[in-house]
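Protein chains: 2
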Amino acid sequence: MPEIQKIDLAITGAHILTIDEGMKEYNPGTIYITGNRIVWIGNDTEQPENCKVHEKIDATGKIVMPVFFNGHNHASMSFLRGLGNDLSLDKWLNDFIWPAEKVMINPDTVYLGTMLSVIEMIRSGTGIFSDMYFFEDQVARVCEESGMRGIIGEAIFDFPSPSRATPAESIQFTRDLHKQFINHSLINVSVSVHAPYTCSPNFIRQAGELAEELDISANIHLAETNNEIETIAGLYGKSPVQHLHDLGFLSERTVAHHSVYLTPDDRQLLKETGTSVVTLPNSNMKLGSGACAVGELLKSGINVALGTDGPASNNHQSMLREIQQLARLERVVNFDPTSISARELIRIATINGARAYRLDKDLGSLECGKKADFQIINPDQPHWYPRYDPYNSIAYAMQSNDVESVIIDGKIVMLNRILVNIDEMRIFRELKKKAGMLF
Amino acid sequence: MPEIQKIDLAITGAHILTIDEGMKEYNPGTIYITGNRIVWIGNDTEQPENCKVHEKIDATGKIVMPVFFNGHNHASMSFLRGLGNDLSLDKWLNDFIWPAEKVMINPDTVYLGTMLSVIEMIRSGTGIFSDMYFFEDQVARVCEESGMRGIIGEAIFDFPSPSRATPAESIQFTRDLHKQFINHSLINVSVSVHAPYTCSPNFIRQAGELAEELDISANIHLAETNNEIETIAGLYGKSPVQHLHDLGFLSERTVAHHSVYLTPDDRQLLKETGTSVVTLPNSNMKLGSGACAVGELLKSGINVALGTDGPASNNHQSMLREIQQLARLERVVNFDPTSISARELIRIATINGARAYRLDKDLGSLECGKKADFQIINPDQPHWYPRYDPYNSIAYAMQSNDVESVIIDGKIVMLNRILVNIDEMRIFRELKKKAGMLF
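If you read the sequences in order, they're chains A and B.
If you read the first sequence in my numbering, its first letter stands for residue 1, the second for the next number, and so on.
If you read the second sequence in my numbering, its first letter stands for residue 1001, the second for the next number, and so on.
Mixed in with the good hints, there may be bad ones.
[As the list claims (entries may be wrong)] Far from chain A, some chain B residues (derived; all Cβ distances over 12 Å):
no.: 1; residue: Met1023
no.: 2; residue: Arg1037
no.: 3; residue: Pro1048
no.: 4; residue: Phe1157
no.: 5; residue: Ala1168
no.: 6; residue: Arg1175
no.: 7; residue: Asn1183
no.: 8; residue: Asp1215
no.: 9; residue: Gly1234
[As the list claims (entries may be wrong)] Partial selection, computed: residues in chain B whose CB lies under 7 Å from chain A:
no.: 10; residue: Ser1088
no.: 11; residue: Met1285
no.: 12; residue: Lys1286
no.: 13; residue: Arg1331
no.: 14; residue: His1383
no.: 15; residue: Asn1392
no.: 16; residue: Leu1431
Because the hints were derived from the structure by calculation, they are not lab data.
No residue lacks a Cβ here, since even glycine has one placed at the ideal position from N, Cα and C.
Make the full structure from the sequences, and use the hints.
What follows is the structure in structure tokens.
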């Protein structure tokens, strides 16, 4: 008689969208999880024998798909959400964001602000985010407490940051974080360079070398606004992309955020070096920056992922809204309703993020052997009817609240809209108190 | 002793955004309703004496504001939502929408499809919609059963419609509807001309005259795509706006939908005649049509309202998403984050709709004497924290599900997310059955 396999968690009866290479579906389908990994996935009728299931979720009538991968965030800036909107970027930064950051950024507020964003992310089906900010050890703490997966990156630039006095200190801190979290199941570390216009060539080069030495990803704001293009042209006589390339910063480990203003030569460089792009449509729209030519990037063979950006410039944390925004923005800038498909959009929001950060061996799709990171969606809502194609419903009509449960690293972090590890009301209360004290 | 006044319904403790001319707020505030009208509104501390309150909702900590006014819809097209997306407009219409409409459009499907959209609208805070489609008597039936407010308009064009054999019949049917619903508290009738390119000059003129004779609004799709501009230029040697003006169709009773492609002369004509524009950002984006220059229209002094369009080209029915989309679209096309403010956006989605359809004496803001149409919003959600300004939270971060209760015409139609007059699950089941039979 074969040995009995112990299954920690089983999901059955679901319409499973695996988002694997062939976009395979199982309906009704089953996922078996042991520890933090998927040990079996397939049709309900083909469940393996000799399995002893510890905990089971009956997901009949539900849709199961990978969690969304939020490719770029400044999560703790939720603190500043709604502060001085409807202003020019200059005024907003000079009169509101920077003075506020000076007063408020400390380990406590970073912890609290990140926790708030993590609440919002989990509630809308996001299971991993890449963060660039200060006191990133606090972001790691939030991940550990909430069960969220995070890629943490202490922002590096040429001024004293609220957390570190010099860029050299930020680089050293990145090294320390890497050491601390190596082999951590939930936390990865990335080298986070703020932007070509805030960081000297010397430190950009050092940061790129650090990423290579530690064999981790590096990420940077790149070609976000026309201002930046002019600044870098004035300083170095070239495009920001060319500038980074000449400093050896672009490679398969590099993730470029925004990339709204690219020349054909820039695209060619990104493609040749294997650099990924994270597009942030709602942030680019809200700040009036412009539209990233996602269709062109995809056609060039560049890996494009998706993110929310920080809550202060968006103003939300739902990847679903980014998917739905990208769908519409891409169509209107091209005057073409065929310019991007629902299936492409959902790959951009899941597996492409994992690929950008070189985590696709473990994350981004539901396959046997991968980590168990997925969401259970309840489509019994008016906007889901009729349902000719689930990808279309997700890309155009689904709402964030339709996410019923979220499993990360094999563990249930939200069950039937209840967050398992977080006392939301306490976070809201503390946040109200802190924000009220500041303004 | 003064007479005791009977109050049917009182809302207390709320942060009330009246959206009146001065954007007055009461916090905490009270609304007293008798019959279908607001008989008192003010601060909690100033409640009038000698009132006997029949039913009371304690809205402490909640936000109360007018329901959203959905200025343009084809509500029953929810039946076709998600059918053949990601296609060119031609292919989508020829291979999917038109064949499907031939098979499916009958009084039963119009009733069912409209009911589905009404469920979605109420659930996201909309309390009135303007509808252009077929079998509009069924749309009126849905309004009466659900408690929703509707402006119904039987589509007039030069081909046999699914409901009427000739445009003359559609015009006669509009006359009949007007007679039937005159003085109905929930239902208004509008003359709905499909578009300049589907309706002969003769019938456009007749339709305009009918609106004038009955003293009701007239509405039409106008300058939606570049194709239309070229077609009308070819047929009549002028712009669609000029064409309608020459036919006497434009006036203060006229509402023009889309208006993406306007010349400065067109804008001048709209302004001079007092024509209102309904902008439909998500639909224009999803179909790749273009962006309506809302800022320019407002600067010209044109009244701009907002709508969802039909669920087949959107694909949802939440006005909140239109507000948030307009905020972003306007900013990105102008490369300017100051181009539209949160307060303007919320006026566009409420009082401006009422003004467009000349219903602002009764609707669109919360004032003593006006009809009691408002929503109660629960801001105790992560995306509402912190809350520096409620208009900003609504315009950028709020989610449709935050709408907790909806009152229309003085009657509670949704209480704590439960629809009072509609058996949702029955509607979902029937819709599934009917959609399944067709495809």
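Legend entry - In rising order, the numbers of the hints this structure does not comply with: none
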